[in-house]
Structure formats: C-alpha cells, structure tokens
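**Q** Based on the hints, put chain B in the right spot on chain A.
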Amino acid sequence: MTALTLAARDSATMLRRNLRHMLRYPSMTFMIAGMPVVFLLLFVYVFGGTLGAGLGGAAGGRAEYLDYVTPGIILMTVAGAATATAVSVAMDMTEGIVARFRTMAISRASVLTGHVAGGMIQTLLSMAVVVGVAVSLGFRPTAGPVEWLAAIGLLALFVLAITWLSVALGLVAKSVETASNTPMPLLLLPFLGSGFVPTASMPEALRWFAEYQPFTPVIETLRGLLLGTPIGDSAVVAIAWCMGIALAGYLWAKRLFDRDLVR
Amino acid sequence: MPNPPSGPAISVTGLRKSYGDKVVLDGVDLRVAEGTVFSLLGPNGAGKTTMVQILSTLIRADGGRVRVAGHDPARDPDAVRAAIGVTGQYSAVDRFLTGEENLILMADLHHLGRAQGRRRTAELLERFDLTEAASKPAATYSGGMRRRLDLAMTLVGDPRIIFLDEPTTGLDPRSRRTVWRIVRDLVAGGVTVFLTTQYLEEADELADRIALLDHGRLIAEGTADELKRLVPGGHIRLRFADAGGLESALRALGEGYLDEDALTLQVPSDGSVRSLRGLLTRLDDRSIEIDELSVHTPDLDDVFLALTGRPDDKESVR
Chain A
1 MTALTLAARD SATMLRRNLR HMLRYPSMTF MIAGMPVVFL LLFVYVFGGT LGAGLGGAAG
61 GRAEYLDYVT PGIILMTVAG AATATAVSVA MDMTEGIVAR FRTMAISRAS VLTGHVAGGM
121 IQTLLSMAVV VGVAVSLGFR PTAGPVEWLA AIGLLALFVL AITWLSVALG LVAKSVETAS
181 NTPMPLLLLP FLGSGFVPTA SMPEALRWFA EYQPFTPVIE TLRGLLLGTP IGDSAVVAIA
241 WCMGIALAGY LWAKRLFDRD LVR
Chain B
1 MPNPPSGPAI SVTGLRKSYG DKVVLDGVDL RVAEGTVFSL LGPNGAGKTT MVQILSTLIR
61 ADGGRVRVAG HDPARDPDAV RAAIGVTGQY SAVDRFLTGE ENLILMADLH HLGRAQGRRR
121 TAELLERFDL TEAASKPAAT YSGGMRRRLD LAMTLVGDPR IIFLDEPTTG LDPRSRRTVW
181 RIVRDLVAGG VTVFLTTQYL EEADELADRI ALLDHGRLIA EGTADELKRL VPGGHIRLRF
241 ADAGGLESAL RALGEGYLDE DALTLQVPSD GSVRSLRGLL TRLDDRSIEI DELSVHTPDL
301 DDVFLALTGR PDDKESVR
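Chains as they are written, first to last, in full-length UniProt numbering: chain A, 1 to 263; chain B, 1 to 318.
Since the hints were derived computationally from the structure, they do not count as laboratory data.
Be careful, since some hints might not be right.
[Unchecked claim] What follows is a set of in silico ranges between Cβ atoms, one per label pair, in the way DEER data are often shown:
id, chain 1, residue 1, chain 2, residue 2, range
1, B, D129, A, S27, 52 to 62 Å
2, B, H111, A, G153, 25 to 35 Å
3, B, S18, A, K174, 20 to 30 Å
4, A, A240, B, S18, 27 to 37 Å
5, B, R119, A, L188, 50 to 60 Å
6, A, L188, B, H215, 45 to 55 Å
7, A, T94, B, K22, 17 to 27 Å
8, A, T94, B, S18, 48 to 58 Å
9, A, Y45, B, R114, 50 to 60 Å
10, B, R119, A, L6, 30 to 40 Å
[What the hints assert, rightly or not] For the chain A half of the interface with chain B, some residues (derived, Cβ under 7 Å), not all of them:
id, residue
11, I97
12, A105
13, R108
14, S175
By construction, the Cβ of each residue, glycine as well, lies at the ideal position given by its N, Cα and C atoms.
Only chain A is shown next, with the shape it has when bound in the complex:
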C-alpha cells in the first residue's frame, strides 16, 4: 500500500516535470495538433467534394465527407503525439538526469509513467483542438452524453496504448533522430484503414490488411459513437487491440528501462 502511494507520488512529480517541459517548449504540442488540422482542411476542402460523392450517401459531397473523415483525423493525432513522446523519452535517456533518478530511492517506474501520463494529456488536448476545428467547419456529431463519454474513454485507452508503445520506441532508439522516425508508420495506418475511405473500396490484399489492423476497429467504433453508424463487433476488437498494445508496450518499455540494471 505504501509502496503504491510512493509510486503514485513519484509519478505525479515526474508528470509535473514533463508538463513543465511541454509548457516551456510548446512548439511540440502545437505541431501535434497542427498536423491533423492541416490534413483535415486538406481532405475536406481539396479532396472532400469528390471523396464525399464517392461515399454514396444521401447528403453527399463535402459535408458528408467532413463527418466521415473526422474520426480518422482525430486518431491521426496520436501519430504525431507518438513521435513527440518517443523523442522526449529518447532525449531524456541521453541526459544524465535519468542516471541520477536511477541512483535515488524513488519508484523506478515513475520516470516512465510520468512520460506516459504527460504524453496522454498532451495528446488528448490536441485531440480536443482537432474536434473543435472540425466542429467549426461543420462537423455535427449526433452523440449524446453517454456516447461522448464512451468515445473519450475509448480515445483515452487508445492513447494510453500508443503512448506506452512510443515510450518503448523512444527507449529502444539509439539516438533522438531514430526516435523521431520510428513512430512514422503510425501516420500511415489511418490511410491504410477506414480513416479516409471505406475499406470496401480497396483492392483485396490491401482491404484484408485494412480490416484487420488496429486503427480500423477504433475508427469504426469512434465513428459509430459520434455519428451513429453501426459498430458491430468493432468495439470489442478495438478494446482488445488497445489492451494488447498497452500491455505489450508497457512490458517492452519496462524491460528496456531495466536492462543491465540492478532491479
């Protein structure tokens, strides 16, 4: 019990440290929110008319495409955020301060949980900005309070999973440059899923990949919660993916952080 309280206390201290970093150097946070906003504008105003017509809905066109693409864009935020987290972890590891933390009688995991909690706050705030912009463009979710809560819960779980994975990617990277590149594939996954066009429109091999990769069930669940489209078994699959990635990322990160060390 006391060990747990101490762990929570040290993690809170580390979280304060990470939040302070973010406040002092806000450019990273702006970049995380900025990139999906640019993609949103691009896809709605440049491609939106054509892509919306292809959706074959009653409304058709740009307005319908805005509704369709917003969930995918929201998830795209995690790709940029993952890079930010991986970079900040990798940078931390090159600094002597982490060696200092390791020689102190503190909860060892707190260094990592501080990064995870900080990264989650940063990402969820960026997502809120993206949603705000989408709403200002005319995005009209049909969700009630319960659906909103469920959507936020789903996003939090997804962000938790990807953030633990990014922490591991930051730890495994030999340099800060590598750390800024390894999470890049995450940026492509919304495209190679149901984020921008329905998977049914893709060639068979790609469609197979798109339907079974983790972003698609999360996007479908989010779309269902916000816009009332059918969810089916996507929710269960999405939660399973999130928990699996979170656990794998956590174990990997912990192993990397503890390697060659005394406990």
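**A** Just chain B now, kept in the frame of chain A:
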C-alpha cells in the same frame, strides 16, 4: 537520527566486472572510512566510472563482495540509494527546468514536503551561489554553474556518502577550486566522499587516501605522502652553457644523469635547502657557471608514471 552504522562507509572485496571479453575491474579491494575523502585515480578507461556505477547501484558486479553504508547494492539497492548521492561525469541536471525547479524536483522526489523543500532549495541556491540564476533554465548555465547545480541537487537529500565521478573534468581552474571548497565543506560536515579523478593534483588536494587504478586493478593505495614515498624521484636539474661546464660539473659532483644534447645534469636530491646549498658550494668552489637550475620534488605524477610503466614524459610537463 540514530547512530550511523559502525564500520567503513564503503567496503569492496574481490570486485570483478567485465563486458564480454573486456575485463574492466579485476579483483578490486578497498575500504573507505566514514567521514573521509577517498580518491580513485586513474587514466581514461581504467575502470573508475564502472566502479562508481556498481557502488551507486547503476550496474551489477560480476563477482565480489560490496557494501555501501552497510548494504549490498545488488540485493538491497534502495537501502543504498537512500544513503548516497551521485554526481556523475556528465551533468545530471534537467536543462529544460530552471535551477530552482531542478532543486524542487529533487526535494519532491525525496518527499521533503512543500515548505521544507522550498527552504532547502533556497538554502542550497544561496550556498552554491546560484540565487541570481535560480529562475533561468539550466540550459543557459555555464559549465561551472551547471556543475554547482548538479552538486546542489545531489545534496538535497542529505546523503551520508557522496560519489563524485570526475567532478571537475572540463571545468576552468576557478570553478575547479570552487568544487574543491564545496567538497572540503562536505567532509567537514561528516560526509564520506568517494571521488574519481584523472588529476593527480586534485587527489593530492582533497583525498585522505588515494588508490591508483590501472587496467581494472589497484596498483597502489595510501595517503598522498605514502604514495610519494614509493618513488624517490626527487632531483635537481642543472643546465650549462657548454659541454665543458657540463663535464666539470659531473666530475665535481661525482654522480648524476647526463644529457649532452640538452646540456643538462640531473642530480638525485631530496630537494632540501641543505642539499641544494651543498651542491652549489661544490660547484662554486670550482668556479663552474650554472645557466639554469630547477628543483624537482616527487609528486603523484611521478608515482603514477612509475607504477603504470608509462613513458616518463615529465620533462615536457615539468
């Protein structure tokens, strides 16, 4: 506070560590008494940092018995961590945070409580002459300021044993003296200091006992004076205007090491005024003119060079 555990602050027996084929520490034994400064002296790659990393719970030894503050770093790392403070070779400050925030971070991690943490922070900023720079990010600090902040952070938790791994490497002479003063103050307060350094002067200045580490083995241990006594290397060096003077001087003195190219003669001597006067009288009696004279007393450089078998290049060092 209860009585500190009796016995040495640090004791190490038969410590071994290798990375693959490379043996870094090859059976090291040492004891550091409480409240003293122990200096581990050695060239780059001797194993000094590895030693500090093992003692400060950062890495695990391959073999041997280690006790720091009475605890085994491998089996009870948190007990060791609670007793120690470490200032590594590379500055261990958070450069995105200000000096004050860095210290408060340490206070929070030591669970000092808000008021006490602030008080301790203010006190350390004052003591390490950082009050003016307290609200600037550490990234803007000079090397000396960063090292002082680093040391201040180490002291937030009031450690009984402090490891300083090459604390003055890369510092200018003035900052180096400041660090030395801080170390002396700490020891005066009863703290045990384990210091590694490449600088013989530094070990000589600060340490109660010095151990020389070379290729993972301790090749000598003792006080600075004891070590200097190992090498009877004192001499007087005389330079003459021409070969004639050089030869007459050798004949007059009866012994010495001749360097005909440099026109110098090295005469063994303890460096005392009496022996110097005797030597000069003998040369004066024969009217031999000396161009230049220097007295060389043995220092730790001599000890180190003699024991490690490296080429003696003290002529260029002088």
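**Q** Each of the hints needs a verdict: does it hold here or not?
**A** Going through the hints against the structure:
A beta carbon spacing of about 33 Å between D129/B and S27/A contradicts the range 52 to 62 Å that was offered as a hint. At about 33 Å, the CB distance of H111/B to G153/A agrees with the hint of 25 to 35 Å. For the pair S18/B and K174/A, the supplied restraint of 20 to 30 Å holds, since their beta-carbon distance comes to about 23 Å. For A240/A and S18/B, the Cβ-Cβ distance of about 45 Å falls outside the hinted range of 27 to 37 Å, so the restraint is violated.
At about 53 Å, the CB distance of R119/B to L188/A agrees with the hint of 50 to 60 Å. With their beta carbons about 52 Å apart, L188/A and H215/B fall inside the hinted range of 45 to 55 Å. Distance hint check: the CB atoms of T94/A and K22/B are about 23 Å apart, consistent with the given range 17 to 27 Å. Range check, T94/A to S18/B: about 25 Å between beta-carbon atoms, so the 48 to 58 Å window is missed.
Look at Y45/A against R114/B: about 51 Å separates their beta carbons, and that is inside 50 to 60 Å. Between R119/B and L6/A the Cβ separation comes to about 22 Å, which falls outside the hinted range of 30 to 40 Å. Annotation: I97/A was flagged as interfacial toward chain B, and the flag holds, the nearest CB pair being 5 Å apart, inside 7 Å. The criterion of a C-beta within 7 Å of any C-beta in chain B is met by A105/A, whose closest approach is roughly 4 Å, and the hint holds.
The closest approach between the C-beta of R108/A and any C-beta of chain B is roughly 9 Å, which is over the 7 Å cut-off, so the hint fails. Given hint, S175/A at the interface with chain B, is violated; its Cβ is 16 Å from that chain's nearest Cβ, farther than 7 Å.
Hint check: violations occur at hints 1, 4, 8, 10, 13, 14; the rest are consistent with the structure.
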